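Asks: Sequence:
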Amino acid sequence: MLFNPDGQRRTNLALLSVLGRPAFDAALNTFSDRLTESTIRTAFPALALQCADTSSPFGKRRCTAAIGSFNQCSARAVAFYFQGEGLRAVKVLYQPAYHAQVRAWMQQRPGRVAAGDSGPSPAAQAGAASRPVAVGTLVMKDGPLG
4 MLFNPDGQRR TNLALLSVLG RPAFDAALNT FSDRLTESTI RTAFPALALQ CADTSSPFGK
64 RRCTAAIGSF NQCSARAVAF YFQGEGLRAV KVLYQPAYHA QVRAWMQQRP GRVAAGDSGP
124 SPAAQAGAAS RPVAVGTLVM KDGPLG
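Residue numbers (our numbering): 4 to 149.
Please keep in mind that the hints were generated in silico from the structure rather than gathered at the bench. The model shown is predicted, which means the values in this text are computed figures rather than measured ones. Wrong hints could be hidden among the right ones.
[What the hints assert, rightly or not] The calculated DSS-like cross-link candidates involving lysine-lysine, where the alpha carbons are at most 25 Å apart (straight line), are: (1) K144 with K63; (2) K94 with K144; (3) K63 with K94.
Please model the complete structure; the sequences and the hints are all you need to start from.
Replies: Take a look at the structure:
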(Lines of atoms letter the chains of each structure in order from A and count residues from 1; the text may use other names and numbers.)
(Lines give C-alpha, C1' and ligand atoms only; values in the text may rest on other atoms or scores of the structure.)
Protein backbone atom coordinates (compact mmCIF):
# COMPACT_ATOMS: atom_id res chain seq x y z
CA MET A 1 0.00 0.00 0.00
CA LEU A 2 2.89 2.38 0.58
CA PHE A 3 3.99 2.37 -3.06
CA ASN A 4 1.37 4.78 -4.40
CA PRO A 5 -0.06 8.09 -3.12
CA ASP A 6 -3.52 6.69 -2.38
CA GLY A 7 -2.02 3.83 -0.39
CA GLN A 8 0.14 6.26 1.57
CA ARG A 9 -2.92 8.42 2.31
CA ARG A 10 -4.93 5.42 3.51
CA THR A 11 -2.03 4.18 5.66
CA ASN A 12 -1.67 7.66 7.22
CA LEU A 13 -5.40 7.78 8.01
CA ALA A 14 -5.34 4.32 9.60
CA LEU A 15 -2.26 5.13 11.69
CA LEU A 16 -3.68 8.47 12.87
CA SER A 17 -6.92 6.76 13.86
CA VAL A 18 -5.03 4.10 15.84
CA LEU A 19 -3.12 6.91 17.59
CA GLY A 20 -6.43 8.43 18.72
CA ARG A 21 -6.56 11.41 16.36
CA PRO A 22 -10.23 11.85 15.36
CA ALA A 23 -11.50 12.45 11.87
CA PHE A 24 -13.11 15.82 11.11
CA ASP A 25 -15.37 15.05 8.17
CA ALA A 26 -17.28 18.27 7.69
CA ALA A 27 -19.07 20.06 4.89
CA LEU A 28 -17.62 23.45 5.74
CA ASN A 29 -19.62 25.04 2.94
CA THR A 30 -22.79 24.42 5.00
CA PHE A 31 -21.53 26.05 8.20
CA SER A 32 -23.13 29.33 9.28
CA ASP A 33 -23.26 31.78 12.17
CA ARG A 34 -26.23 29.81 13.55
CA LEU A 35 -23.71 27.21 14.81
CA THR A 36 -22.60 27.71 18.39
CA GLU A 37 -19.88 26.14 20.52
CA SER A 38 -22.52 23.83 21.95
CA THR A 39 -23.77 22.68 18.54
CA ILE A 40 -20.19 22.09 17.36
CA ARG A 41 -19.50 19.96 20.46
CA THR A 42 -22.71 17.99 19.81
CA ALA A 43 -22.04 17.52 16.08
CA PHE A 44 -18.39 16.49 16.57
CA PRO A 45 -18.21 14.71 19.97
CA ALA A 46 -14.83 13.08 19.19
CA LEU A 47 -13.10 16.47 19.07
CA ALA A 48 -11.35 17.36 22.34
CA LEU A 49 -12.02 21.08 22.05
CA GLN A 50 -9.81 23.45 24.05
CA CYS A 51 -11.48 26.87 24.23
CA ALA A 52 -10.29 30.29 25.37
CA ASP A 53 -11.13 33.93 24.93
CA THR A 54 -8.94 35.62 22.33
CA SER A 55 -8.51 38.86 20.44
CA SER A 56 -8.65 38.05 16.75
CA PRO A 57 -10.15 39.50 13.58
CA PHE A 58 -12.14 36.25 13.40
CA GLY A 59 -13.78 36.46 16.81
CA LYS A 60 -13.48 36.82 20.54
CA ARG A 61 -13.40 33.11 21.39
CA ARG A 62 -11.36 30.30 19.79
CA CYS A 63 -11.78 26.54 20.24
CA THR A 64 -9.09 24.21 18.86
CA ALA A 65 -8.68 20.45 18.62
CA ALA A 66 -6.08 18.05 17.26
CA ILE A 67 -7.44 15.95 14.39
CA GLY A 68 -6.11 13.12 12.27
CA SER A 69 -7.94 13.86 9.05
CA PHE A 70 -10.14 16.37 7.26
CA ASN A 71 -12.47 14.80 4.70
CA GLN A 72 -10.13 11.84 4.12
CA CYS A 73 -6.91 13.92 3.98
CA SER A 74 -4.30 13.81 6.76
CA ALA A 75 -4.67 16.88 8.96
CA ARG A 76 -3.29 18.30 12.20
CA ALA A 77 -5.84 20.62 13.79
CA VAL A 78 -9.07 22.56 13.48
CA ALA A 79 -9.90 25.92 15.05
CA PHE A 80 -13.37 27.42 15.45
CA TYR A 81 -13.73 31.17 15.98
CA PHE A 82 -16.84 32.60 17.63
CA GLN A 83 -18.16 36.15 17.78
CA GLY A 84 -20.77 36.29 20.52
CA GLU A 85 -22.53 32.92 20.42
CA GLY A 86 -22.26 32.37 16.66
CA LEU A 87 -19.54 30.74 14.59
CA ARG A 88 -17.54 33.31 12.65
CA ALA A 89 -14.73 31.27 11.01
CA VAL A 90 -13.18 27.79 10.83
CA LYS A 91 -9.53 27.06 10.11
CA VAL A 92 -8.30 23.58 9.16
CA LEU A 93 -4.57 22.77 9.23
CA TYR A 94 -3.97 19.87 6.87
CA GLN A 95 -0.79 18.25 5.62
CA PRO A 96 0.74 20.25 2.71
CA ALA A 97 0.98 17.11 0.56
CA TYR A 98 -2.82 17.14 0.32
CA HIS A 99 -3.20 20.76 -0.78
CA ALA A 100 -4.24 19.86 -4.33
CA GLN A 101 -6.80 17.36 -3.04
CA VAL A 102 -8.28 19.86 -0.56
CA ARG A 103 -8.33 22.50 -3.30
CA ALA A 104 -10.25 20.08 -5.57
CA TRP A 105 -12.70 19.45 -2.71
CA MET A 106 -13.20 23.20 -2.32
CA GLN A 107 -13.83 23.71 -6.04
CA GLN A 108 -16.50 20.99 -6.04
CA ARG A 109 -18.58 22.74 -3.35
CA PRO A 110 -21.76 24.35 -4.63
CA GLY A 111 -21.47 28.12 -4.63
CA ARG A 112 -23.86 31.02 -4.60
CA VAL A 113 -24.24 33.49 -7.43
CA ALA A 114 -22.48 36.73 -6.56
CA ALA A 115 -24.55 39.80 -7.44
CA GLY A 116 -22.69 42.42 -9.45
CA ASP A 117 -19.50 40.42 -9.96
CA SER A 118 -16.85 43.03 -10.71
CA GLY A 119 -13.74 40.99 -11.32
CA PRO A 120 -11.27 39.21 -9.07
CA SER A 121 -12.05 39.22 -5.36
CA PRO A 122 -9.63 40.84 -2.89
CA ALA A 123 -8.77 37.32 -1.70
CA ALA A 124 -7.77 36.27 -5.23
CA GLN A 125 -5.61 39.35 -5.57
CA ALA A 126 -3.83 38.51 -2.30
CA GLY A 127 -2.80 34.99 -3.43
CA ALA A 128 -5.81 33.20 -2.00
CA ALA A 129 -8.51 31.17 -3.72
CA SER A 130 -12.06 31.83 -2.58
CA ARG A 131 -15.41 30.25 -3.26
CA PRO A 132 -18.71 31.81 -2.19
CA VAL A 133 -21.00 29.30 -0.49
CA ALA A 134 -24.55 29.47 0.89
CA VAL A 135 -23.52 31.49 3.95
CA GLY A 136 -19.99 32.88 3.76
CA THR A 137 -16.88 32.13 1.76
CA LEU A 138 -14.37 29.26 1.63
CA VAL A 139 -10.82 30.67 1.43
CA MET A 140 -7.48 28.92 1.00
CA LYS A 141 -4.00 29.70 -0.29
CA ASP A 142 -3.84 29.73 -4.06
CA GLY A 143 -0.91 27.86 -5.54
CA PRO A 144 1.72 25.71 -3.84
CA LEU A 145 2.21 25.94 -0.09
CA GLY A 146 5.50 27.38 1.12
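Asks: Hint by hint, note whether the structure agrees.
Replies: Structure-based check of each hint:
1. K144 with K63: holds (24 Å)
2. K94 with K144: holds (12 Å)
3. K63 with K94: holds (15 Å)
Consistency note: the structure conflicts with none of the earlier hints.
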